[in-house]
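Asker: Here is how the chains run, residue by residue.
2 protein chains.
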Amino acid sequence: MKVKGFTAAAVQAGIRYQGRLDLGLIYSEVPAVTVGMFTTNTVQAAPVVLGKKRLLNGKAQAVLVNSGNANACTGEQGMEAALRTGGLAADALAIDEELVQVASTGVIGEQLNTDPFVRAVPELVSSLREDGFDDLAQAIMTTDTVPKTSSASVEINGVEVNLLGVAKGAGMIMPDMATMLCFVVTDAQIPFSVLNAIVSAGVEQSFNLITVDGDTSTNDTVLVMANGAAETPWLDEENQDGVKIFTEALHKIFKDLALQIVSDGEGTTKVVTIRVVGARSKDEAMSGAQTIANSALVKTAFFGEDANWGRIIAALGRSGCQFQPERVSIAFDHVVMVKNGLGCGKEAEKKASKVLQQKEFTVTVDLRDGSERAEVFTTDLTCDYVKINADYRS
Amino acid sequence: MKVKGFTAAAVQAGIRYQGRLDLGLIYSEVPAVTVGMFTTNTVQAAPVVLGKKRLLNGKAQAVLVNSGNANACTGEQGMEAALRTGGLAADALAIDEELVQVASTGVIGEQLNTDPFVRAVPELVSSLREDGFDDLAQAIMTTDTVPKTSSASVEINGVEVNLLGVAKGAGMIMPDMATMLCFVVTDAQIPFSVLNAIVSAGVEQSFNLITVDGDTSTNDTVLVMANGAAETPWLDEENQDGVKIFTEALHKIFKDLALQIVSDGEGTTKVVTIRVVGARSKDEAMSGAQTIANSALVKTAFFGEDANWGRIIAALGRSGCQFQPERVSIAFDHVVMVKNGLGCGKEAEKKASKVLQQKEFTVTVDLRDGSERAEVFTTDLTCDYVKINADYRS
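Here the protein sequences line up with chains A and B, keeping their order.
Going by our numbering, the first sequence opens with residue 56, and the numbers climb by one from there.
Going by our numbering, the second sequence opens with residue 56, and the numbers climb by one from there.
Treat the hints as calculated values from the structure; they're not laboratory data.
Just so you know, these numbers come straight off a predicted model, no measurement behind them.
Since the list can't tell identical chains apart, any single copy or any two copies may satisfy a pair.
Mimicking SDA-like on lysine to any residue, the simulated pairs with C-alpha atoms at most 25 Å apart in a straight line are:
1) K114 to A304
2) K406 to R71
3) K442 to S318
4) K57 to V214
5) K442 to T324
6) K114 to V180
7) K442 to Q413
8) K394 to N168
9) K401 to D446
10) K414 to D439
11) K108 to T95
12) K401 to Y72
13) K337 to G375
14) K307 to F416
15) K107 to L154
16) K414 to K442
17) K414 to R330
18) K337 to T95
19) K107 to L138
20) K442 to E415
21) K307 to T324
22) K401 to H389
23) K337 to A252
24) K405 to Y72
25) K107 to V85
26) K414 to D361
27) K394 to M134
Okay, chain A solo, but in the shape it has when bound:
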């Protein structure tokens, strides 16, 4: 999969570990209309602070991204490191440094040593190629077990438009942009305001609906770059059909990458959709779904393949979502396990246990109290999650 006018590359820079790809670069032949969405955490890493500032004019031409060190909680020295590494990329590419986005992921609170970048960045630039995005997807992995990419090719106004996304997870995943990076490049020709609206809506319906452990991060970033190289007619207010096709394609990539992140959640063995329906308000439905999705007791029951609906209703009961317990029904896929707040007995439980043995299933909680609904995607909580995170820095 290639996207016109974009190249990418990754190298082994030895930022934290030796012998693995840990530094990547995305480059557009021309400055691209670029929309960024960043972590909502009060603590924001240097590259996030810098990236937000540089995107005020909605343009970028390159993204330099490293794993191994998050460059977060690193103060002025961290900001200098972000500026310096971005500057190295700008020099090697011979572009304005304001057009370089930097992104980092890894350990928080350690200064980023910029020495490895001096040698690695020119090597990166000379390695840029159209099919370099698979390497890039590898370079941004931390505890991810698989690289995550997603792409689409659509015809808009008779012209082929390409979209290609890469992302990383894998813990600290929670609505509002958790530890995750996602970069999407497209050759569509689209004004900033339209792209911005499409990206915001898409993030809301994808990355903001996934949760692994309720923790959010200091470095979360989604960047979408559109360089116009496909030479489509402009995707603007006067081209609603084109905008619709593009929106669908981009949102599908977001959703696909979001689900890849959940599936690869740390130590995960299951992906579970939590759906709360029949709520009085959208916010309450979302708060109920998120509380269930983040409950340690619910998630360990999923791991144990135990249709323990008592833990689900107890989590709902502390979520702030209003409901009458005696109206609630709960189903695992199509197996109704609770009706009017009461368990449906051993036979239903046996069938529900079968559902829980699957790698993917949906829990539907119907409050029968209104018409609003919400849905989030989560995982089980496993011994491996604990092991991975107890050992992560050592």
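Let chain A serve as the given structure and place chain B on it in line with the hints.
Answerer: For chain B alone, coordinates are given in the frame of chain A:
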């Protein structure tokens, strides 16, 4: 330890498992002034609903408590079971059934079979004895590994006053009365209004400050019964000295039992105090402390004995607590690890790692932004926690 006019007992009723104490009874020779505090969960078990109603007049003479089945999410049939088992105790004790409190802990969503109570309750009543509280503490255990009791004897106005408490944990522990039961009996002579104020304040400073996994339960109950058998002068507004001594003794028992519950949290290897100081408001300090205390990433780092302050500051950053990252300092016991938002280097980390090897330590986060503070008590998150909760029902 004995408390005048109170007896207790426990038997093997076979409610869920054979061969273990699972049904207990507390009895006061005379109706006792009784204060109850119950779960804030929207979903409330039948015994909680019944207990709240019966305590409207502030009196109780007996508490019947079972483990193995929570009698929660059991509808009308569950309420009938609570009434029936309470009635069996009232009959065997020859007291008004309105004076019987029932309490249950165990699996949610299964009907409570009352048949075992028919044989067991009379046996319980005939086993009542002054030193029966240790057995009772055993009978209310679920995943607890040790029974929890705490007692005190104080002199008030020249008279000896005794207080004795029993409690259970061990998962689903979270501020606002998580899955826990606590019963305290005392022979003090005290009016309802005074006891009520003392209990409310005490719960706020003990059980509401502990958290194991952020989950709250459908059955949480604290009952304090004062039967006046010590024949103290009344502990009322006119006896401030007496009230003070009694308050201190009761609060100490609450705190002691709360810490026992945390120490015995499911799979726990460490008890950690999370203290947020220098906050602009008490609420924000508490929200910061609770978010840190419930973060899966922070708790797995504790388990790994990793002074991973980046996860602490990232959890704080999503807590809703306002702060300026560049002012924050973080200490593990007396080892300052972060100053002005920046790590203090390898030497500090080495010392902090030593602190984390202890079974108990305190994390102090100073926001340097105000004068409010909050403190909560939590545990690490271990593989054993996952195993216990993945297997709990099987």
